[in-house]
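A.B. asks: Everything in the sequence shown is counted per my numbering, starting at 1 for the first residue and increasing by one.
Treat the hints with caution; some may be incorrect.
[Claimed, not checked] Quick list of the computed label-pair ranges, beta carbon to beta carbon:
#, residue 1, residue 2, range
1, GLY56, THR160, 26 to 34 Å
2, VAL136, ALA90, 45 to 53 Å
3, GLU119, GLY56, 22 to 30 Å
4, ARG36, ASP125, 19 to 27 Å
5, GLY104, ALA2, 14 to 22 Å
6, ALA131, THR160, 39 to 47 Å
7, THR105, ILE49, 15 to 23 Å
8, THR122, HIS78, 51 to 59 Å
9, ILE156, LEU63, 30 to 38 Å
10, VAL41, SER163, 30 to 38 Å
11, GLY56, ARG161, 57 to 65 Å
12, MET1, GLY21, 26 to 34 Å
13, ASP112, ALA90, 29 to 37 Å
14, THR51, LEU97, 21 to 29 Å
What the hints contain is simulated information worked out from the structure, not anything from laboratory work.
Built from N, CA and C at the ideal position, the CB exists for glycine as well.
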Amino acid sequence: MAVLRTATLVGAVLLTGLSAGLFYSYACSVMPGLARVDDRVFIETMQRINTAILNGWFMLGFLGALVLIAAAGLCQWHGGGDRAVLLWIAAAAVLYLAMLVITGTVNVPLNDRLAAAGEPGTLTDPAAVRAAFEDVWVRWNLVRAVTSTAAFGCLIGALTRAS
């Protein structure tokens with residue numbers, strides 16, 4: 001059982017770190033870079049990114065992290081693991097779940113509205129489309145970056161305590 005506890009926790013750390021890194025990358029490079037382009041290029045690029053990111057590799061890391069966090073918690077709970085490790089894992093689960101809720105209630109609906117606005121060449125007011133999207137999306141992506149990074153930190157705390 002100790003090997004399973006360690007393996008699930010290491011997997012949770014890795015996948016959560018990948019998700020945190022994704023949101024961090026958007027916060028410090030992708031969105032600041034796109035802030036410098038015109039409205040039509042911004043819209044087209046975000047539409048293409050939002051389509052491209054929906055793939056199995058992304059979903060494996062994005063949703064797999066929560067599965068492994070839960071599995072690590074269950075292994076700690078039922079496998080005789082350290083209860084302090086379980087608290088770190090529980091904190092990570094709450095933070096990662098918060099990130100998923102934000103994604104599902106804020107960022108994904110914004111992405112869907114951006115897609116529904118039409119192709120950049122057909123928009124009558126691309127500045128308005130961008131204005132309705134960019135600031136809110138960027139702000140909540142920063143919150144996702146912070147919550148997923150905090151979850152990652154909690155899992156590192158759990159892994160450190162478990163070893």
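A.B. asks: Compare the structure with each hint and give your call.
C.D. replies: Status of each hint after checking the structure:
One distance hint, 26 to 34 Å for the beta-carbon pair GLY56 and THR160, holds here, with the actual separation near 31 Å. A hinted range of 45 to 53 Å for the beta carbons of VAL136 and ALA90 is inconsistent with their spacing of about 30 Å. The supplied range of 22 to 30 Å is met by GLU119 and GLY56, whose beta-carbon atoms lie about 26 Å from each other. With their beta carbons about 20 Å apart, ARG36 and ASP125 fall inside the hinted range of 19 to 27 Å.
The hinted window of 14 to 22 Å between GLY104 and ALA2 is violated, with their beta carbons roughly 35 Å apart. Our hint of 39 to 47 Å for ALA131 and THR160 holds, since their Cβ atoms are close to 44 Å apart. One distance hint, 15 to 23 Å for the beta-carbon pair THR105 and ILE49, holds here, with the actual separation near 20 Å. Hint check: THR122 to HIS78, Cβ distance near 56 Å, so the stated range 51 to 59 Å holds.
In this structure the hint that ILE156 and LEU63 lie 30 to 38 Å apart at CB is violated, the actual value being about 21 Å. The hint said 30 to 38 Å for the Cβ distance between VAL41 and SER163, and at roughly 48 Å that hint is violated. For the pair GLY56 and ARG161, the beta carbons lie near 33 Å from each other, so the given range of 57 to 65 Å is not met. At roughly 30 Å, the beta carbons of MET1 and GLY21 sit within the given window of 26 to 34 Å.
The beta-carbon spacing between ASP112 and ALA90, approximately 32 Å, falls within the hinted interval of 29 to 37 Å. At about 26 Å, the CB distance of THR51 to LEU97 agrees with the hint of 21 to 29 Å.
Hint compliance for this structure: hints 2, 5, 9, 10, 11 are not met, and every other hint is.
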